[in-house]
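Undergrad: One letter stands for each residue in the lines below.
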Amino acid sequence: MTAVPEQGHAPVHVTAELLAAKTVGAYHHLSLVAPDVGERSRPGSFLAVSVGDAHLARRAFWVHRVGPMGGHRAVVEIVVEPRGSGSRALAALPVGARVTVTGPLGRPFALPREAARCLLVGEGYAAAALTTLAERLRERGCGVRMVLGGVDDAHVLEPLSARRSVGQVEVAAGDLTAAVLHSLPDSDVVYVAGTEATGRFVADAVSGMDLRCQVALERPLTCATGLCHGCPVPVLDDDGESHVVRACLDGPVFRAGRIDWAAL
Amino acid sequence: MTDATDWPFANPVLTASGCGGTGRDLAAYGDLAALGGFVTRSVTRLARPGSQPPRLVESPSGLVNAIGLQNPGAEAFLQDELAPLVETGAVVVVSIAGHSLGEYAELARTVGRAAGVTAVEVNLSAPDPVGSGLFDAREPFQAASVIGSCRRDLRAGVVLLAKIRSDVSRASETARAVLDAGADAVVVGNALPAAMPDGRAGGLSGPAIRPQTLRCVAEVVRALPGATVVGCGGIMDAADARAYLDAGARAVQIGTALFHDPTTAFRIARELAPGIAATGPATGEDA
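Sequences listed follow chains V and Z, in order.
Numbers in our numbering are just positions in the first sequence, counted from 1, shifted up by 16.
Numbers in our numbering are just positions in the second sequence, counted from 1, shifted up by 9.
Just so you know, the hints here were simulated from the structure itself, not pulled from any lab data.
Incorrect hints may have been included.
Stated by the list, open to error - Simulated restraints on C-beta separations:
#, chain 1, residue 1, chain 2, residue 2, range
1, V, T211, Z, D145, 34 to 44 angstroms
2, Z, G235, V, R271, 54 to 64 angstroms
3, Z, Q221, V, H259, 32 to 42 angstroms
4, Z, Q61, V, E155, 37 to 47 angstroms
5, V, E257, Z, R209, 24 to 34 angstroms
In this text, all values refer to a predicted model and were calculated from it rather than measured experimentally.
For every residue, glycine included, the Cβ atom is placed at its ideal position computed from N, Cα and C.
Here chain V stands alone, though its shape is the one from the complex (with noise of 0.2 angstroms):
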């Protein structure tokens, strides 16, 4: 079951540079020039973070935005809630600052052959999952639409940018469900990177409907590169039985129907 990535997005473990950071709404977004690790990275892909010695466990972020920056090639965005005291170094972090990067880690979001109509929920600081995946996908000629969700509206990630790279978006701060429910039935393959009860509402809506649905899961990861056993998912095997395999590295994104839910 162990995921084998492909020659090209094989991980690197590199030392990178804080290049910039700014605040938006109650996230923190670090640029970080971490060699070979945007070039290798694909819708979905994530990375992991230490926090200096007193933290042993690594700290996971999705990977937003892969672009040029600063005279680099391939800075790499990631969005951070200062929540924990790992989270909260890595936003107090000043440009220049040097952490080690182990990336892109993780099987990505698969992308549809033909194009498809595509209804991607994001949720909080996880909708920086998407980003690259809705590019991606309209590169492809799919139509994308989005919700975009958050506690509040400082925790939803930013609207006005999705607006801009995806057109149809619509924000649900507080409840997404509703908007999710009513744009289903318009949808040929749905991604959803969130809260795991966001995951578990979005796979509960489209189980016995004829869609395709990924689920970018967060699970507390430690090592995020498959060495600890830390961050085990329940899958159902074909036949049904359920096993277990690590979030890290099967996944973190799952076709919906893969997860055991009711074991998770």
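Following the hints, complete the assembly by docking chain Z onto the known chain V.
TA: Same frame as chain V, now just chain Z:
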């Protein structure tokens, strides 16, 4: 085991059980063949799904884990995981854990005869053996019974390592017992019994326990001159590894540090490689 020709680990740096994934995961970050050996997570007879999350939490200079020995079971391990691991070129050490004496022996027999297995490491030091349902080998005579059973059933030529608890009051006695029972070497140290924040049983690992494990290694070396000892506890860099080697350990195992930096073992192995002089502090992220 004092004859250099019998010691299968060319480099003194091995991975610690349960800290290198399936091996192929760690191989993304370095050449496993450049390590002394790769120790698998403990394999049990039947598959174990492991504990409910959270499974690991940070504590000062350490991690507390309650993984629950998640593994696919011996049959699936031998069928699916071993060959890809051997293909990496790693010197393979398979860790085993049993629910009974008979199960330990059966595991030693089936794992030991599999192609590519250089050594079997018998896990006698799980931080919560009773809660995990493992055979309770905390008393030295029980540990010796396990090793005796494994030795009898292990294919000749496969090295037998006994991984014992770093309990300073019992370590030397336990080491003597397992070596007398047929272990080729004793691995001293494992996560220390600890509690998760919610009170569940777990194990504390990382630099927080290094001085404690080092003390046990020193005690065992002093009590049993000539015994082959491997130290396992809280090593983060080459200087930490050297402290164990200077205390008399023949090799070391790197565990929790891999969760922080998956390249740690490769870096330490390079710095400790025979013929390479000490090069000062390890070049970690803060260098």
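Undergrad: Compare the structure with each hint and give your call.
TA: Results for each hint:
1. V:T211 with Z:D145: 34 to 44 angstroms: holds, 41 angstroms
2. Z:G235 with V:R271: 54 to 64 angstroms: Holds: the Cβ-Cβ distance is about 57 angstroms, inside 54 to 64 angstroms.
3. Z:Q221 with V:H259: 32 to 42 angstroms: 36 angstroms Cβ-Cβ, so the 32 to 42 angstroms window holds.
4. Z:Q61 with V:E155: 37 to 47 angstroms: holds, 41 angstroms
5. V:E257 with Z:R209: 24 to 34 angstroms: Because 27 angstroms falls inside the window, the suggested range holds.
When held up to the earlier numbered hints, the structure conflicts with none and fits them all.
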